[in-house]
Structure formats: C-alpha cells, structure tokens
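Starting from the given sequences, assemble the full structure and let the hints guide the process.
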Amino acid sequence: MLKLSQYTRVAAFTMIVCAASIGCQQTAPLAAGPELFAAPPVVSGGQAPSVAIPVGPSGAPLPEPGIVPGSSSVHANVTNREWAWEAIVDKVDDYFRIEREQQVQLVGNVLTEGRIDTFPQLGATLVEPHRIDSVGSYNRWESTFQTIRRRAVVRVIPDPSGYLVDVEVLKELEDLPRPEHSTAGAASFRSDSSLPDQIREPVSRTELSPYWIPLGRDTALEQQLASEIKACLDSHAQ
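Its first residue numbered 1, the sequence shown is counted upward by one per residue in my numbering.
Hints are not guaranteed to be accurate.
To be verified - Straight-line alpha carbon distances no greater than 16 Å define the calculated EDC-like cross-link-like pairs of lysine to aspartate or glutamate that follow:
{"#": "1", "residue 1": "Lys230", "residue 2": "Asp166"}
{"#": "2", "residue 1": "Lys230", "residue 2": "Glu99"}
{"#": "3", "residue 1": "Lys230", "residue 2": "Glu86"}
{"#": "4", "residue 1": "Lys230", "residue 2": "Glu142"}
Source of the hints: derived by calculation from the structure; they are not laboratory data.
In structure tokens:
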C-alpha cells in the first residue's frame with residue numbers, strides 16, 4: 001500500500017506541474033470567422049425596402065407564375081343581334097351538343113338575357129384528336145384514364161354597346177360503386193351449368209353511373225370558348 005501511495009503522489013505532482021507550465025504560455029487570439037446569421041441592414045429614413053416587380057414591354061405588370069391570363073366573361077360589340085346569336089350558338093356547338101337555348105329578345109324597350117345550356121359530354125381522350133373539348137395535355141390525359149364529363153352554361157347579357165358573354169363549364173367525375181367488369185363481391189357458387197357467352201357481352205358501355213362527383217369549373221375551356229366567341233363577334237362588328 002505504501003508503494004501505491006507514493007506512485008499516486010508522484011503522478012499527481014507531475015500533472016500539476018504540466019498544467020501550470022501550459023497555463024503560463026501566451027496564446028494568440030482566434031481570428032474572427034464569417035457570421036452565419038447576420039442582422040438585417042438598417043434602412044435609414046423609415047422606408048421599407050422595395051421589391052422589384054417584373055413588367056412587360058408596355059410597362060404593365062406580368063402575371064404571376066401559374067396564373068393563366070384571360071377571363072371566362074368577355075364583352076363584344078354587336079351590330080346585328082340575329083347574326084350575333086347564331087354565331088354564339090355555332091361556336092358553342094363546336095364543343096357541346098346544345099340542349100336548349102333562349103335567344104336575346106327585345107321586349108318593349110328592354111333586351112332580355114339570353115342563355116344556352118348543353119348536354120353533359122364525356123371528355124375528349126388521347127385517341128380523339130379531332131375533339132377539342134379537353135384543353136391542354138393534363139385534361140386530355142385525365143379524360144383518358146378517368147370518366148370525366150363536362151357541361152356548359154353560356155349567358156348572353158345585352159348592354160347598349162354589345163353583349164357580355166359569360167361562359168361556365170362544369171366538370172364532373174363518375175362515381176362507380178366498384179370497378180367495371182370486376183369480380184369483387186361476386187364470389188358465389190354457380191347454379192347453372194353453362195358458361196357465360198362472351199360474344200353477347202357489349203363491347204362498349206351502354207349506361208353511365210347516375211352518381212357524379214363535382215370537380216369545379218374548367219377554366220381553361222371557359223377561356224378558350226369565350227375568346228373564340230369574342231374574336232368572331234368583333235371581326236363582324238368591324
């Protein structure tokens with residue numbers, strides 16, 4: 001025990017001497033590193049920093065990314081009411097099958113509002129390039145892999161200088177209780193001895209589901225149809 005205590009004292013004394021010698025040495029100050037989180041600059045005069053807004057060649061501000069310029073309501077000059085109504089009906093007929101129409105009429109000294117309603121129509125798919133009711137690649141791909149239908153309501157509001165045409169296209173998704181031609185829930189013993197005749201089964205669908213899920217408005221188709229109506233009416237008014 002005596003030898004161990006002597007060794008302990010010697011080791012402790014050596015550590016104290018080394019620590020004292022290191023502590024007496026002068027060390028150079030550390031260089032200041034880059035600030036990772038700097039304070040915001042102080043703006044004199046109490047004015048907030050301005051944010052640059054992109055503008056076009058004419059000086060008007062450009063639309064934000066993702067926002068498509070255009071509107072589903074357009075105003076067009078009209079000189080011939082009969083011709084203008086037939087032109088509007090013809091443009092709507094390029095996209096939809098018309099269910100009913102109520103023409104703008106002059107009752108006394110007041111022009112009544114016109115309205116065009118269309119039948120619901122399944123969206124154009126990738127294998128139907130001749131149809132133009134699916135505007136954009138997204139809508140065409142969606143109509144290919146999902147059962148999407150659209151119907152349009154066009155309001156024609158007369159004013160002293162022409163017509164205000166408002167186009168509304170509603171989009172719906174078919175709601176099926178289960179996938180078509182599936183065997184889910186049909187696991188049961190057959191009571192007949194004959195196999196089903198595949199030849200007599202219909203190749204295409206003959207009846208759609210009575211339930212549809214609203215998907216909102218199709219703004220792309222609304223703007224395209226409204227712009228075509230305006231271009232047609234304005235060209236005749238010039």
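Here's how the hints hold up against the structure:
The straight-line distance between the Cα atoms of Lys230 and Asp166 is roughly 11 Å, inside the 16 Å bound, and the hint therefore holds. Proximity of Lys230 to Glu99 is assessed by CA-CA distance (about 22 Å); at most 16 Å being required, the pair is judged violated. As the CA atoms of Lys230 and Glu86 are separated by approximately 13 Å, the hinted pair is consistent with the 16 Å bound. Restraint check: the Cα-Cα separation between Lys230 and Glu142 comes to about 28 Å, which exceeds 16 Å; the hinted pair is violated.
The structure fails hints 2, 4 (numbered hints given earlier, in ascending order).
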